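Please take these sequences and the hints and turn them into a complete structure.
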Amino acid sequence: MQTTKKRAVMLAGAAFSALLTGLSAAPVFAQDAPAEPVAEEAVQEVVVTGTRIRRPNLKSASPITTVSSEEVQLQGAIAVDSFLNDLPMFTADANENGSNGSDGTARINLRNLGSSRNLVLLDGQRFLPTLGVDVNFIPSTLIERTDVMTGGASSVYGSDAISGVVNFITKKNLQGVRIDANYSIYNHQNDDSYLRGINTAKGNELPDKNVWDGAKTDFNIAAGSNFEDGKGNVTAYFGYRKMDAVTQDSRDVSNCALNASGTNGSDLSCGGSPQHGYGRFLVLDEDNPFSGNDYSNAKDGSKTWALTDSSYDYNYAPTNYFQRDSERYTAGAFAHYDLNEHAQFYGSFMFMDDHSVSQAAPSAIWFYNPFTINCDNPYMSTAQRSILCAGATAQATGETKAYVTMRAVNGEPRRNDMRHTDYRFSGGVKGQINDAFSYDVNYMYASILDRANYQNDINQNKAAQALQAETVNGEIVCKDTSNGCVPIDVFSATGPTAAMYEFLYAPTYTKTDQTLKSFGGFISGDLGRYGVTSPWAADGLAMVLGFEHREETLDTRYDQVQLDAGQNDIDGKVKAEEIYAELDVPIASDKPYINSLDLSLGYRTSTFNVSSSTVSGIEKDTETYKIELKYSPTPDVLFRTSYNKAMRAANISELFAAQGVGNSSYDDPCSKGNLNLAEHPTLEECMRTGVTEAQYNNKSIIDCAAGVCTALGGGNPNLDPETAKTLTYGFVLTPQAIPGLSVSLDYFDIHIDDYIGTISPSVTMSQCISTGDPYYCNLINRASNGVLTSPNLQTDGYVIATNLNTGYLETTGFDVTANYTLKTDELFGADYGSVNFAMVGTLLKSLETEVLPGLGSYDCTGLFGPTCGQPSPEWRHNVRATWNLPWKDVVWAPESLSINWRYFGEVSLTNNTSDPYLTGTVSERNAKIEAYNYIDVAASYKLRGMAIRVGVNNLFDKAPPAVANGLLYSFGNGNTYPGTYDALGRMVFVGLSAKF
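In the numbering used here, the protein residues as written are 550 to 1545.
Source of the hints: derived by calculation from the structure; they are not laboratory data.
No experiment lies behind these values; they were computed from the predicted model shown.
The beta carbon of each residue, even a glycine, is placed where N, CA and C say it ideally should be.
Do not rely on the hints blindly, as some may be mistaken.
Here are the in silico distance ranges between beta carbons for each label pair [as the list claims (entries may be wrong)]:
| no. | residue 1 | residue 2 | range |
| --- | --- | --- | --- |
| 1 | D1322 | E1126 | 37 to 47 Å |
| 2 | V990 | V1499 | 41 to 51 Å |
| 3 | D778 | K1060 | 20 to 30 Å |
| 4 | Y1058 | H891 | 47 to 57 Å |
| 5 | A1379 | Y972 | 20 to 30 Å |
Within a straight-line C-alpha distance of at most 25 Å, the following computed PhoX-like cross-link-like pairs (lysine-lysine) qualify [unchecked claim]:
| no. | residue 1 | residue 2 |
| --- | --- | --- |
| 6 | K1544 | K720 |
| 7 | K1437 | K1372 |
| 8 | K1066 | K979 |
| 9 | K1491 | K1437 |
| 10 | K1194 | K1169 |
In structure tokens:
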């Protein structure tokens, strides 16, 4: 009887601890420590994200926020990254709204320090290769909860965890069959009179007033069974997800490419790209009297030329995807078997096949290629020839150099067909060595097969071949007839024929294989069993000793078309050998003014070996450690602080990513369009960037297309590790006088020195102009005619922005969470159910970047724009209230009703600041983005054993902010930030869960 009573007391204590640490009804909140389910026979050790030490009632010294499976269902989320991005400590990263330039994955970015500085775990184990992390690989139906630990965890999990870890905890012992299905669709009212007005003024077709689109279907089934009287369990799952594409012509905000217009950007206008579909020419021969004149074919189709103006601009927006088309299959199994108390075998197998397609505007013969055109080209009219070949050189050689563009408006949009096939296997054995020590040894192997087929892109080498035409036996043919060349007529606005485009198109194929192998193990011990205990504490010291060996490989192969364009195959391997230790020291407990006082220490040493087919023998050593202190004067309050120092070695992508030229959202302040503005750089300032006096005086440098110039990016195998210091401190309040209430407040300070990154081209340009510093100015590589737009590595005209060790990153702020469950019977004397209030918010105090040591810094707090990227408001929060109704027997009554308030604070444009690192072309229209408030509602029902969920996110259909294209940076798309704001409008969803 006494044993039974003691067990009941222990179980009650564990249940109360679990209530305080995360397994209560609250759907989103911070917690001291998540607890595993409590077995019927004994109190189980608590497994806390952020430490490998296990002991009953252990609480974390670092802030942890948990997203429960119930919260995910209330959001109607089928994409794992979508419910995380709503939390205020996350910034949107690669996601389903990315199109042009997307790699098809979904990643997460904690504290806006980059997705490479937070570590994604699955049940406490590394997830996928660094470059291929895709959180949608995780089976949503088996996610029990998601722990988000902010603050350093590098000594526990490895150097990648500088800003924290995201640990997905899966359900382990499923009995029976579980089915989850979810369907959602977007609804939006296109009623923005301002945006519709500028589209009408441009002659663009308007989006429908009322649209329903972007449907997402998600179906998951999982089946599990115990065997041998519960000694083992096998759980298998299968999932299917389909997401319909949404094009940008379906929304007012994205129907046309928005340009800044009016004095100081006081207005917006429908612009686009000067690489248009009428045919455009610029003579490059210096001895040609028409050199520098920018001509386009007459719009009526006649073979005459007029000077190019903005009326020719091509609206590239309509065919671009606002939401990608994708289809995903997942499958796998989890199993474990308890041989005895000394050996539990466990393992898992996971598979995903993800097929995603991005779509962008039709390709073109790109303007910034110096093409050769023969002067006897039969497609050219006499009037055109008299201009193009007027120079002495052309008349002597019979050919001329010119920039030429012709957008394939009669062709197909560009499409990137991306397929990811992922495999992950893990296995291990764990158990008790004796009553004090336990062990865990495991192995994990993950492989990603990434295949990309880029379609409907015009091959510029074929274009160069087709632009040289002649007449043979009365038929127009290519001068070089190899490869089945078909000559192209670019001298009329009617454009090339379908057959001409067929020759110009050259699909490209890219194959990337990535692998991750990890073998490790640890021993965990409770030294209190041997009397190693503080004289003032009840619990003894606990320790962990472990090791880990990792090997990550990357191998990318390009087809011959890309190799001919200057691309190079890449490969690389990173090996890591690591040893780590943790020590938990209870100093005092159950003393006057000391309910508990605990000290935790952690240390990890790592050796990284970097190699590739061209690089070998590069070795980097890193060390990380942590010091944590927890003090609870009474059971009502816990004070906590942690200090972490970490060294993060460059990951395989940062080391070996292929170098290439691509679009970058910065503008050339010395181009002719900007020099025509009232405020523009001086001759001396522009000459610092490589502009000649003649180019400045003649205003002859062509504007970058749509305010988007090009930059050279890529990896660097000689990167050194970056060093990070993380400090957190705060408190958790759980007053016994107010049952159901918990409040936490935590300060964070993360500082990273020698951070691995790039120098933003906009910073390079502004610093070169304002200071003349040769470091920045030498990164600007203009073409001979001054342009900063390059089609490939073989042509000058870009700013260098490859990876390097730079200055520092630092972010500071406060996280606050609060949870309270109100029991109505205690308040009203009648049972109306319970109401749970859950709140999580972040106050951002600084988000600072030092570009290079000693050369100044800039702070992106409360800003957005070309240098800072996506908006970083000072304050964000989520507040949810959920009413759990008591009327279970009433058929029509819902089981719960929930309302969520998402708040995203106001942000201002970087360009309008006086900071020399941030200042740029001012914009009055986009001077700030107002604070956004979103209201989400949901209800759940029980019907014949099934749980049915219905809800609406963004109930009032609030449209996203419209931002001029040249001001977008870092995951901007469709004239807005679709990962930050609800780009597609109101989302209506219905879900169903059933257990058998």
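Comparing the hints with the structure gives:
{"no.": "1", "hint": "D1322 - E1126: 37 to 47 Å", "result": "41 Å, holds"}
{"no.": "2", "hint": "V990 - V1499: 41 to 51 Å", "result": "46 Å, holds"}
{"no.": "3", "hint": "D778 - K1060: 20 to 30 Å", "result": "49 Å, violated"}
{"no.": "4", "hint": "Y1058 - H891: 47 to 57 Å", "result": "52 Å, holds"}
{"no.": "5", "hint": "A1379 - Y972: 20 to 30 Å", "result": "56 Å, violated"}
{"no.": "6", "hint": "K1544 - K720", "result": "14 Å, holds"}
{"no.": "7", "hint": "K1437 - K1372", "result": "16 Å, holds"}
{"no.": "8", "hint": "K1066 - K979", "result": "19 Å, holds"}
{"no.": "9", "hint": "K1491 - K1437", "result": "8 Å, holds"}
{"no.": "10", "hint": "K1194 - K1169", "result": "17 Å, holds"}
Checked against the numbered hints above, the structure breaks hints 3 and 5 and satisfies the rest.
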